[in-house]
Amino acid sequence: MKNELICIICPNSCVITRNASGNLSGHLCKRGLDFALQEFNDPKRSITSTVRTKFTDIPVVSVRTDKEISKDLIFALMEELKKVIVKERLGIGDIVIKNVLDTDVNIIITTNLLKE
Amino acid sequence: MKSKHYDIVVIGGGPAGLSSAIAAKENGAEVLLIEREKRLGGILKQCIHDGFGVTRFNERLTGPEYATRDIKQFKELKIEAMLSSFVLDIKKEDNFILTITNTNGISKVSANKLILAMGCRERTAKQVFIHGTRPSGIFTAGLAQQLVNIEGLMPAKKAVILGSGDIGLIMARRLTLEGAEVVGVYEIKSTPSGLKRNIVQCLDDFNIPLHLQTTVTRVFGEKRLTAVEVMKVDEKMNLISGTEEVIPCDTLIVSVGLIPENELSEKLGIAMCNATKGPIVDNNLETFVNGVYSVGNALSVNDLVDYVSENGVIAGSAAASSLKSGKERTFVSVNANKDIAYIIPQKLNLNSDLSNVTFYLRSKGNFTNKKIVFKKGSKILLSKFMKWINETEAIKIVLELKDLNEDLEVSIE
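Protein chains in written order, with our numbering: chain A, 1 to 116; chain B, 1 to 413.
In case anyone wonders, no lab produced these hints; they're calculated from the structure.
Be aware that a few hints might be false.
Quick list of in silico lysine-lysine cross-link-like pairs, BS3-like style, CA-CA up to 27 Å [to be verified]: (1) A:K83 with B:K157; (2) B:K196 with A:K71; (3) A:K82 with B:K157; (4) A:K30 with B:K384; (5) B:K72 with A:K67; (6) B:K157 with A:K71; (7) A:K30 with B:K78; (8) B:K72 with A:K54; (9) A:K115 with B:K38; (10) B:K78 with A:K115; (11) B:K108 with B:K91; (12) A:K115 with B:K72; (13) B:K338 with B:K267; (14) A:K30 with B:K371; (15) A:K30 with B:K196; (16) B:K370 with A:K54; (17) B:K72 with A:K44; (18) A:K115 with B:K75; (19) B:K158 with A:K82; (20) A:K54 with B:K196; (21) A:K2 with B:K196.
So here's chain A without its partners, still in its complex pose (with noise of 0.2 Å):
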């Protein structure tokens, strides 16, 4: 298990540890220990990519998670984004994945490409 991190709250850049007993060091404020928490614990990220269309002159159109989604859940969340062929003129919002992988999280689409 990984016990130290680089804070990236602010350009201080606090390199922030966890001793054996899970107690927190070397951050300067409240928010680099509440960031080192969520990290430590669950770290989580908002991942951007895009999918597959039907459309030839839109091969692809690009996609967001509506919330964070566990670091550990990206590589399968990429092989969900796969499976997508979007088929209708969808644009910003419009879910492609409700609820990806269990997690509540939704894929959205991030561009009106489709509808231009």
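Based on these hints, arrange chain B on the given structure of chain A.
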């Protein structure tokens, strides 16, 4: 050939051009926007990652989402756009006469004022002295981004990335997500060029190594790239012989900087700034050819699209209001000390119709616990304490024009 006349012509349909056109139209001008691609939005179309609009909208948008907001407003205002059209030439007579080519052939339009929003282009492998053969498989980061995010094509199976700028880091993650192996990112400088956040979220998250003070010196391969040679450099960036290492790969992604695009500006004889590689401008972002404005990454390469859009609002509204007021320009200088790489604007027009002056400055080197100081003679106009001053992040300062009636001295103290 009879040419159609506009108050203001904007060249470029990215975020700078869109916000210029919107601001000009909202201030009563008849506007035409000319874009060489078939869609509006510029580079944002392919920047599908998030983090755009944090200061302007207080949201973390993706590039296409950010662009869509401006495009929607542009269309609601019924601003005229000429797409898939390229400006070949501009001449200054009584008005500006633009020669444009598109599928209808060559045509001309005339304009009282011009806003140049052509953006920037990437430096290529040829500009950083990489030796060797000429195989396929060498891409700029922006081209790789377009192939993956717009065309839906994968250019790499095993990639090396040269340069640690943000686009290079973002492409390292993007290619990894799409199944490629990114062997490493090589940076000639001793510190990464990209934001810390991107080092963590694009490289560390995927265990992609970052090699500082190391650069690519040679490429191998006949038809397709088969390997690159990397070498370490010393503090003065001289190659250290004996450190050569050959890294097998099929793709080299080059992310080694951006240069403002200003061929048209040069045709007009606009005075350029050595530090920004863009035109010298006043507080209206007007260049030293009267009636020509420069905005966005054509003016200077920005870290944030929010600043690019802000440029457009300044130039668009200043250009539109000067159509009515038509005041002569009167200047004072803005002088920066040695710790400042550049400051925009370089001159102040005291007869501007805009009551505020927005300065953007970038430091030369990194500083901690210092002040940004604006002085008029011996009088201190502003002294802003900053815990961190990083050369990778431009600093924005807004002052009132009425306080700035003499030459200014700007320093880091």
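Straight-line alpha-carbon gap K30 (chain A) to K371 (chain B), limit 27 Å: Holds. K30 (chain A) to K371 (chain B) sits at ~26 Å (cutoff 27 Å).
Are the Cα positions of K30 (chain A) and K196 (chain B) separated by 27 Å at most? holds (19 Å)
Mind checking the alpha carbons of K30 (chain A) and K384 (chain B) for me, to see if they're no more than 27 Å apart? Since the Cα atoms of K30 (chain A) and K384 (chain B) sit roughly 25 Å apart, the hinted pair holds (cutoff 27 Å).
Restraint status (C-alpha distance of K115 (chain A) to K75 (chain B) at most 27 Å): holds (14 Å)
Between K72 (chain B) and K44 (chain A), is the straight-line Cα distance small enough, at 27 Å or below? violated (32 Å)
Given the hint that K157 (chain B) pairs with K71 (chain A), does the C-alpha gap stay at or below 27 Å? holds (23 Å)
Hinted pair, alpha-carbon criterion (27 Å max): K338 (chain B), K267 (chain B). Please report holds or violated. violated (31 Å)
For the pair supplied as a hint, K82 (chain A) and K157 (chain B), confirm whether the alpha-carbon distance does not exceed 27 Å. At roughly 17 Å apart (the allowed maximum being 27 Å), K157 (chain B) and K82 (chain A) satisfy the hint.
Can the restraint linking K83 (chain A) and K157 (chain B) be considered satisfied, given a maximum Cα separation of 27 Å? Holds, at about 21 Å.
Given the hint that K115 (chain A) pairs with K38 (chain B), does the C-alpha gap stay at or below 27 Å? The given pair, whose Cα atoms are some 14 Å apart, holds under the 27 Å limit.
Verify the proposed pairing of K108 (chain B) with K91 (chain B), using a straight-line Cα cut of 27 Å. holds (11 Å)
Is the hinted pair K72 (chain B) and K54 (chain A) satisfied, with a Cα-Cα distance of at most 27 Å? Cα-Cα ~25 Å, so holds.
Checked against the numbered hints above, the structure breaks hints 7, 13, 16, 17, 20 and satisfies the rest.
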